[in-house]
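Student: Given next are the chains, with one letter for each unit.
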Amino acid sequence: MTVMQGPQGPRPQTFSAARFGIYVFLVVAALFFLMPLYVMIITSLKPMAEIREGAIFALPLAPTLEPWAKAWSSACTGLQCDGLNVGFMNSVIITVPSVVISILFGMINGYALSLWRPAYGNWLFGVLMLGAFVPVQVLFYPLVRMVATLGLFGSLPGIVLVQVIFSLPVMTLLFRNYYASLPIELFKAARVDGAGFWRTWFAIMLPLSGPMLIVACILKATNTWNDYVLGLIFAGRDNLPMTVQLNNIVNSTMGEREYNMEMAATLLTALVPLAIYFVSGRWFVRGIAAGAVKG
Amino acid sequence: MASVRWRPGKAAAALALLPTAVVVLLLFVGGTGWAALVSLTSSKMLANWNFVGFDQYAALFSNPRWLKSLANMLIFGVCFISTSLIVGFLLAIFLDQRIRGESIFRTIYLYSYATSFIVAGLVWRWIFNPTLGIQDAVRDLGFETFTFDWIVDQRLAIFTIVIAAVWHGAGLVMVIALAGIRGVDAEIWKALKVDGIPAWRAYLFVILPTVRTSIVTAVVLMMIGVVRLYDVVVAMTNGGPGSATEVPAKFIVDNLFERQNIALATAASTSLLALMLCLIVPYLIWQRAKGRRADA
Numbered sequence: 001m002t003v004m005q006g007p008q009g010p011r012p013q014t015f016s017a018a019r020f021g022i023y024v025f026l027v028v029a030a031l032f033f034l035m036p037l038y039v040m041i042i043t044s045l046k047p048m049a050e051i052r053e054g055a056i057f058a059l060p061l062a063p064t065l066e067p068w069a070k071a072w073s074s075a076c077t078g079l080q081c082d083g084l085n086v087g088f089m090n091s092v093i094i095t096v097p098s099v100v101i102s103i104l105f106g107m108i109n110g111y112a113l114s115l116w117r118p119a120y121g122n123w124l125f126g127v128l129m130l131g132a133f134v135p136v137q138v139l140f141y142p143l144v145r146m147v148a149t150l151g152l153f154g155s156l157p158g159i160v161l162v163q164v165i166f167s168l169p170v171m172t173l174l175f176r177n178y179y180a181s182l183p184i185e186l187f188k189a190a191r192v193d194g195a196g197f198w199r200t201w202f203a204i205m206l207p208l209s210g211p212m213l214i215v216a217c218i219l220k221a222t223n224t225w226n227d228y229v230l231g232l233i234f235a236g237r238d239n240l241p242m243t244v245q246l247n248n249i250v251n252s253t254m255g256e257r258e259y260n261m262e263m264a265a266t267l268l269t270a271l272v273p274l275a276i277y278f279v280s281g282r283w284f285v286r287g288i289a290a291g292a293v294k295g
Numbered sequence: 296m297a298s299v300r301w302r303p304g305k306a307a308a309a310l311a312l313l314p315t316a317v318v319v320l321l322l323f324v325g326g327t328g329w330a331a332l333v334s335l336t337s338s339k340m341l342a343n344w345n346f347v348g349f350d351q352y353a354a355l356f357s358n359p360r361w362l363k364s365l366a367n368m369l370i371f372g373v374c375f376i377s378t379s380l381i382v383g384f385l386l387a388i389f390l391d392q393r394i395r396g397e398s399i400f401r402t403i404y405l406y407s408y409a410t411s412f413i414v415a416g417l418v419w420r421w422i423f424n425p426t427l428g429i430q431d432a433v434r435d436l437g438f439e440t441f442t443f444d445w446i447v448d449q450r451l452a453i454f455t456i457v458i459a460a461v462w463h464g465a466g467l468v469m470v471i472a473l474a475g476i477r478g479v480d481a482e483i484w485k486a487l488k489v490d491g492i493p494a495w496r497a498y499l500f501v502i503l504p505t506v507r508t509s510i511v512t513a514v515v516l517m518m519i520g521v522v523r524l525y526d527v528v529v530a531m532t533n534g535g536p537g538s539a540t541e542v543p544a545k546f547i548v549d550n551l552f553e554r555q556n557i558a559l560a561t562a563a564s565t566s567l568l569a570l571m572l573c574l575i576v577p578y579l580i581w582q583r584a585k586g587r588r589a590d591a
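So the sequences go chain by chain: R and V. Residue numbering for the first sequence follows this note's numbering, beginning at 1 and increasing consecutively. Residue numbering for the second sequence follows this note's numbering, beginning at 296 and increasing consecutively.
It should be emphasised that the hints constitute simulated quantities derived from the structure, not laboratory data. On a predicted model such as this, the values are computed, not experimentally measured, just so you know. It is possible that part of the hints are untrue.
[Stated by the list, open to error] The following residues of chain R were derived to be distant from chain V, with all beta-carbon distances above 10 Å:
#1 49
#2 59
#3 72
#4 81
#5 109
#6 153
#7 157
#8 202
#9 203
#10 226
#11 255
[To be verified] Rough simulated footprint, nothing fancy, chain V against chain R, three-plus residues with beta-carbon under 8 Å:
#12 91-99
#13 163-173
#14 211-222
Every residue gets a Cβ at the ideal spot worked out from N, C-alpha and C, and that includes glycine.
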């Protein structure tokens, strides 16, 4: 499916009330979508004195970066006051191996399923896709027990393993469809030359995987960074990702709530996926479209 | 490809798929069955194999919090899916009118989808804050009696979650709808133009039916999201006020990890899976039938 064709709708007349109405609708919708971002940014720059005044939409009179500094380096979760940078580092060390390993499995699975077609391959793929529909909550109990049996519950390898497992369906789907869309002659030629499974992949398929690699990377990195519940359950106290720490900071406050610091912390947590989104735009859209179309 | 003979490469391919096969069999199939079995026992904090039949399900469906969770999921699901569909499709249709700055609009409508549900929940909770949020801002404009305290209102709190979720997810529907609309055959557009059909009728009666695959895709994706709904609620209301925004996923996690009631939690999750199957199986059958028709 191509997402980025030009508009094909009826060609409009030069100017009309209807056309004006269309723009009004689009702009109002844009304001609705932008409003929370605006509120987050201005709230995070206000001193508490201004916050107490209300006026949630007013620009800060005396902008300050103090809430940002506090959120990053001294915000408290319970008794520990080390700031969000702890969660940021945890999210990084969870996300990087999760992305790499998930994509490796996705590539190998997709390659094996689409081009080698081993016995029962279609069955495996079918059950895997069905697995994507199983609500994650169903698997929490068995998964906790299994990960604990491996001695990995509440550890970094544990959360990475869980992240990889839950991304198997979509990653396999992405690469299976991608490899199936490549010209099969390349693959056949390599096999005639006597190259085996791994050599064919390494020499022919891997160099062609570029576009889907980018898409899968963006998709998995964003999903892993934004995950909350898996991190909460499987990461363990020393590896809690940024989203969990953020929620702890905001929802375990005693005394006066520092809304400016909370919004700075929220923005900090959103920063990485937003940066990925704004930098990669088109690829991000391709990722969710590819993942969605044959969900 | 039917002519491919067995070669050593095939063995390597099967070997490469082995880890995935193990996960699929052990976890996706075995784990689901395991959870279903545990739900038939009297397990509390530790699992035991003392089978008590469907007692847990009887307890579950007379548990007011679970029933409230189910009702909330239904209300949330209907409101969230219908609103997102309408907003997403309207945005897509209007964006398809040779709009200036289309890519800017598109970027704006989708950025929220890139953020975490926790982020969405926390920012909307701040906006809906009854003392310092929107309510106060509007009162400052002179509307002294303006009231917008849904987030602390037992009856209305669930709708604040709907708003946050629509803000987060409507952009995805827009992307799927736009792809569907742009995939419509150019010939159809020409025919509509020749016949002089007004644009709104063209969209409603010709284009919408032709992109029904996109609609179904969007609905299925959103339904999965509805069943999994957890993060936004935890960030925004944590189930409150009272139990006004409790949802099934939260019921399961709470009973599993806080209330130490494993059997009840697995009974709840198995019920959720059964519900999911009722929704998904017809869709998969429909997809297969569609595939067959395309092959024929």
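Student: Against each hint, give a clear statement of whether it holds in the structure.
Tutor: Status of the hints after comparison with the structure:
1. No beta-carbon of chain V comes within 10 Å of the beta-carbon of residue 49/R; the shortest separation is about 13 Å.
2. With a least CB separation of 13 Å from chain V, residue 59/R remains clear of the 10 Å interface cut-off, as annotated.
3. With a closest Cβ-Cβ approach of about 16 Å to chain V, residue 72/R is found to remain outside the 10 Å limit, as its non-interface label requires.
4. The beta carbon of residue 81/R sits about 19 Å from the closest Cβ of chain V, which is more than 10 Å, so the claim that it is off the interface holds.
5. A beta-carbon of chain V comes within 10 Å of the beta-carbon of residue 109/R; the shortest separation is about 5 Å.
6. Annotated as non-interface, residue 153/R keeps its C-beta farther than 10 Å from every C-beta of chain V; the closest such distance is 12 Å.
7. For residue 157/R, the non-interface assignment is confirmed: its Cβ lies about 15 Å from the closest Cβ of chain V, beyond the 10 Å cut-off.
8. A cut-off of 10 Å between C-beta atoms confirms that residue 202/R is not in contact with chain V; the least separation is 12 Å.
9. Listed as a non-interface residue, residue 203/R keeps its Cβ farther than 10 Å from every Cβ of chain V; the least gap is roughly 13 Å.
10. At roughly 4 Å from the closest C-beta of chain V, the C-beta of residue 226/R falls inside 10 Å, breaking its exclusion from the interface.
11. Interface exclusion of residue 255/R from chain V stands, the closest Cβ pair being 16 Å apart, more than 10 Å.
12. Remark: the stretch 91-99 of chain R is not confirmed as covered by chain V, as 0 of its residues place a Cβ nearer than 8 Å to a Cβ of that chain, below the required three.
13. Given a C-beta distance limit of less than 8 Å, the hint that chain V covers the stretch 163-173 of chain R holds, as 3 residues qualify and 3 suffice.
14. For the stretch 211-222 of chain R, the assignment as covered by chain V is violated, since 1 residues bring a beta-carbon within under 8 Å of that chain's beta-carbons and 3 are needed.
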